[in-house]
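So the sequences go chain by chain: A and B.
Everything in the first sequence is counted per the working numbering, starting at -15 for the first residue and increasing by one.
Everything in the second sequence is counted per the working numbering, starting at 214 for the first residue and increasing by one.
Do not rely on the hints blindly, as some may be mistaken.
To be verified - Covered, in the sense of this in silico footprint (three residues per stretch, anywhere, with C-beta under 8 Å from a C-beta of chain A), are these stretches of chain B:
#, stretch
1, 226 to 239
2, 316 to 324
As the list claims (entries may be wrong) - Taking CB as the label site, the calculated pair distances span:
#, chain 1, residue 1, chain 2, residue 2, range
3, A, Q8, B, A222, 40 to 48 Å
4, A, S43, B, R285, 20 to 28 Å
5, A, K49, B, R285, 32 to 40 Å
6, A, E42, B, T218, 46 to 54 Å
7, B, Q267, A, D10, 21 to 29 Å
8, A, V(-13), B, N235, 30 to 38 Å
9, B, R274, A, R(-1), 41 to 49 Å
Since the hints were made in silico from the structure, they are not lab data.
Even for Gly, the Cβ is constructed at its ideal location relative to N, Cα and C.
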Amino acid sequence: SAVISQKPSRDICQRGTSLTIQCQVDSQVTMMFWYRQQPGQSLTLIATANQGSEATYESGFVIDKFPISRPNLTFSTLTVSNMSPEDSSIYLCSVGGYRRGNTEAFFGQGTRLTVV
Amino acid sequence: KQEVTQIPAALSVPEGENLVLNCSFTDSAIYNLQWFRQDPGKGLTSLLLIQSSQREQTSGRLNASLDKSSGRSTLYIAASQPGDSATYLCAVSGSGSSNTGKLIFGQGTTLQVKP
């Protein structure tokens, strides 16, 4: 299994500013994923972060709004840029880990972002 | 495009009841299916993972089944307890033999177990 630490756990930000969320994993992983969970909604994948290459964004998400870094195999950051109240969500980092003979997805505790 | 649906959206039961949560997906060519638990304002805790070649997985009072051909999975919770109150999310991954690692989630079932 993988243990994931996310920082900050929550933040309240002014519109127009940016917030960088950090994700640290206790083991080396090839792929890391960033998800968004809007209020009352399920999770939607923002992008896949691979070490040594540009992140791959899903439809509806762009690099200018959600720049991602992946400097090594245990760490990634997601920045939410030029924030508006519509960006208020929980942002979650995820990795694939090997447990009980299978590849399983593990999640951090999430970052609850409120934009005012 | 893969879509995942969970029924019911919310469920309230008295303590001790056995219950079933349902998950359906439109494209049967999945790599695996995973059930998660989410407490309010928190991250996700993995409960059970079923590979596409498997029919079911069990962990304690939880049992998850998978019928890939019909695009359905169920999560069975035996002898429910107030501590089981949470939102339960179903997610599918991959396509056929390849595991992209990307998960597509259902909307979740919010469970309340009353003492």
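**OP:** Quick one: see if chain A covers the stretch 316 to 324 of chain B, three-plus residues with Cβ-Cβ under 8 Å.
**Re:** holds (count 6)
Subject >> Hint check for D10(A) and Q267(B) - Cβ pair distance inside 21 to 29 Å >> reply: 27 Å, holds
**OP:** Determine whether the Cβ-Cβ distance between E42(A) and T218(B) falls within the hinted range of 46 to 54 Å.
**Re:** 20 Å, violated
**OP:** Take the C-beta atom of V(-13)(A) and the C-beta atom of N235(B), compute their distance, and say whether it sits inside 30 to 38 Å.
**Re:** Since V(-13)(A) and N235(B) have Cβ atoms about 31 Å apart, the given range 30 to 38 Å holds.
**OP:** Test coverage of the stretch 226 to 239 of chain B by chain A using CB-CB distances below 8 Å; three residues minimum.
**Re:** With 0 residues close enough to chain A, the hint is violated.
**OP:** Go ahead and decide if the range 40 to 48 Å is satisfied by the Cβ distance of Q8(A) to A222(B).
**Re:** 34 Å, violated
**OP:** For S43(A) and R285(B), compare the CB-CB distance with the range 20 to 28 Å and indicate the outcome.
**Re:** Roughly 27 Å apart at Cβ, these two residues keep to the hinted range, so it holds.
**OP:** Just tell me: holds or violated, for the beta carbon distance of R274(B) and R(-1)(A) against 41 to 49 Å?
**Re:** This hint holds: roughly 45 Å between Cβ atoms.
Original post:
Using the C-beta atoms of K49(A) and R285(B), is the stated range 32 to 40 Å upheld?
Top reply: 36 Å, holds
Going through the hint list in order, the structure does not satisfy hints 1, 3 and 6.
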